[in-house]
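A.B. asks: Sequence:
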Amino acid sequence: MRRLLAVTSLSSLFVIGCTPPPDPAYPPPNGGEPQVVEGGPAPVWVRTSKSGRFPEMYYLTAVGRGQTQQGCEADGRAGLAKIFKAQVSQIHKDWQGHISRINSAGASVHIEAMSVQQWTQVSTDYTLKGTKISLIWQGDGGYHCLATLERVPAAQTLRAEIGRLDAEISAQIAEGDRHVGKNVTARFLAYKKALDLFQKREALNADLRIVDAQRRGVETSYGWRQLIAKFTRAKAEAKIGFHLKGPYRAKIQSCLAEELKKQGISVLEGTSDVDLWIHGKIEMQFAGHNNGVALVRGTLNMRVTNPDDGRTVAAFSRDIKAGRAEQNQSYQLVASKLCFDVAPQLAQEINKSLAN
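So the numbering used here is basically just the index in the sequence shown, starting at one, shifted up by 2.
Simulated from the structure, these hints should not be mistaken for lab results.
There could be a bad hint or two in this list.
[What the hints assert, rightly or not] Cross-link-like lysine-lysine pairs, in silico, DSBU-like; alpha carbons within 30 Å at most: (1) 84 <-> 264; (2) 87 <-> 283; (3) 354 <-> 247; (4) 283 <-> 323; (5) 264 <-> 184; (6) 87 <-> 134; (7) 195 <-> 87; (8) 195 <-> 134; (9) 195 <-> 184; (10) 253 <-> 184; (11) 283 <-> 247; (12) 283 <-> 195.
Small disclaimer: the values here were computed from a predicted structure and weren't measured.
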C-alpha cells in the first residue's frame with residue numbers, strides 16, 4: 003500500500019509540474035491588486051484571451067502585453083476598447099449618412115455629425131469605466147495581462163445613461179413641438195439640441211449591443227426618423243443673420259463665418275430678414291511701445307439676439323494684445339490673431355449657447 007501511495011504521489015507531482023498554473027483567486031482578497039504569477043508554462047488565457055474564471059456570457063476579455071506591468075495593463079485596456087471601435091465606426095458611418103441627407107434639404111442651417119473620435123470618446127467614458135486587470139503572468143520576456151469587463155454592471159451603467167438622454171431628448175422634442183407655428187428660432191434650437199443628444203445616445207447604444215449578452219440595445223420611444231423630419235422642416239424655415247462692424251471686418255467676418263460652419267451653423271450675410279442675429283463689433287487701439295515693439299490691443303465683442311424682441315440670447319468677448327516693430331504690422335497681426343485664434347473659440351461658445 004505504501005508503495006502504491008508513493009507512486010501515486012509522484013505521478014501527481016509530475017502532472018502538476020507539467021500543467022499550466024491555475025488562475026489566481028479573483029477577485030483579489032480585500033480588493034487588492036491581482037497576483038502576478040511568475041515563470042512556468044503560460045496560462046491558456048495568454049494565448050486565447052479566455053479564462054474559465056471569466057466566462058464569455060458574463061465578461062468581455064482582452065489580453066495586453068508589455069515589457070512593464072504598467073504597459074501591459076494599458077495594452078489590455080486598449081484591447082477591450084478595440085472590441086467596441088469597429089461597432090462604433092459602423093454606426094457612425096450610418097449616422098453620417100443621416101446628417102448628409104438633412105443638410106442636403108436646405109442651405110440655411112447645417113448640423114455637424116460628431117467625429118468618430120468623439121463617438122469613441124463618448125463610449126470610452128461610460129462603457130470602459132468598469133475595466134479591471136484580473137490576471138497577470140510574467141514570462142516569455144514580459145508581462146501578460148487579462149483585462150476584463152463585467153457585462154451586467156456595464157450594461158446597467160449604459161442603460162441608465164441612455165435613459166437619462168432619452169428623457170432629455172424627449173423634453174427637447176416637446177419644447178420644439180410647443181413652438182410649432184409660433185417661434186421658428188425656438189423650435190429649430192430645440193430640435194437641434196435633441197439631434198446633438200441623439201448622436202451621443204446612439205454611440206452608447208452601440209456599445210450596449212456589444213456589452214449585453216443577448217446583443218440587445220434600447221429602442222427609442224420617439225424614433226429618429228420622426229426627429230429628423232421635425233428638424234428638417236424647422237431647418238428649412240430658420241434663418242440666422244450674421245454681421246460684424248469695425249476694422250478688418252471683411253477678413254474677420256469671413257473667418258468667423260467659416261468657424262461657425264464647422265460648428266454646424268451656416269449664416270446669412272447682407273440681409274435683415276432673419277430669425278436670429280449673430281452680430282459683433284471689432285475694436286483696435288494702439289497700446290504703446292515696449293522694448294521697441296508697437297503694441298496693439300484688439301477686442302471682439304459678440305452677441306446673439308432675437309430680432310423679434312431684441313432679447314440677448316448670449317454675449318461673448320475676447321481681448322488680445324500683440325505687436326511688431328511697425329505699428330501697421332501690429333494691427334495686421336492682431337487682425338490675424340482675432341481671425342485664427344479667437345474666431346474658433348467664439349464659434350464653439352456660440353454653438354454651445356444655441357444648444358442650451
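A.B. asks: Work down the list of hints and note, for each, if the structure agrees.
C.D. replies: Here's how the hints hold up against the structure:
1. 84 <-> 264: Given pair residue 84, residue 264 holds - Cα atoms ~28 Å apart, limit 30 Å.
2. 87 <-> 283: At roughly 44 Å apart (the allowed maximum being 30 Å), residue 283 and residue 87 break the hint.
3. 354 <-> 247: Status holds; Cα separation ~23 Å.
4. 283 <-> 323: Between residue 283 and residue 323 the Cα gap is close to 17 Å, so the pair holds against 30 Å.
5. 264 <-> 184: Roughly 29 Å separates the two Cα atoms, so the pair holds.
6. 87 <-> 134: Distance ~19 Å between residue 87 and residue 134 Cα, so the pair holds.
7. 195 <-> 87: holds, 25 Å
8. 195 <-> 134: Between residue 195 and residue 134 the Cα gap is close to 35 Å, so the pair fails against 30 Å, i.e. violated.
9. 195 <-> 184: holds, 19 Å
10. 253 <-> 184: violated, 36 Å
11. 283 <-> 247: holds, 5 Å
12. 283 <-> 195: The hint holds at about 28 Å.
Hints 2, 8 and 10 from the list above are not met by this structure, while the remaining hints are.
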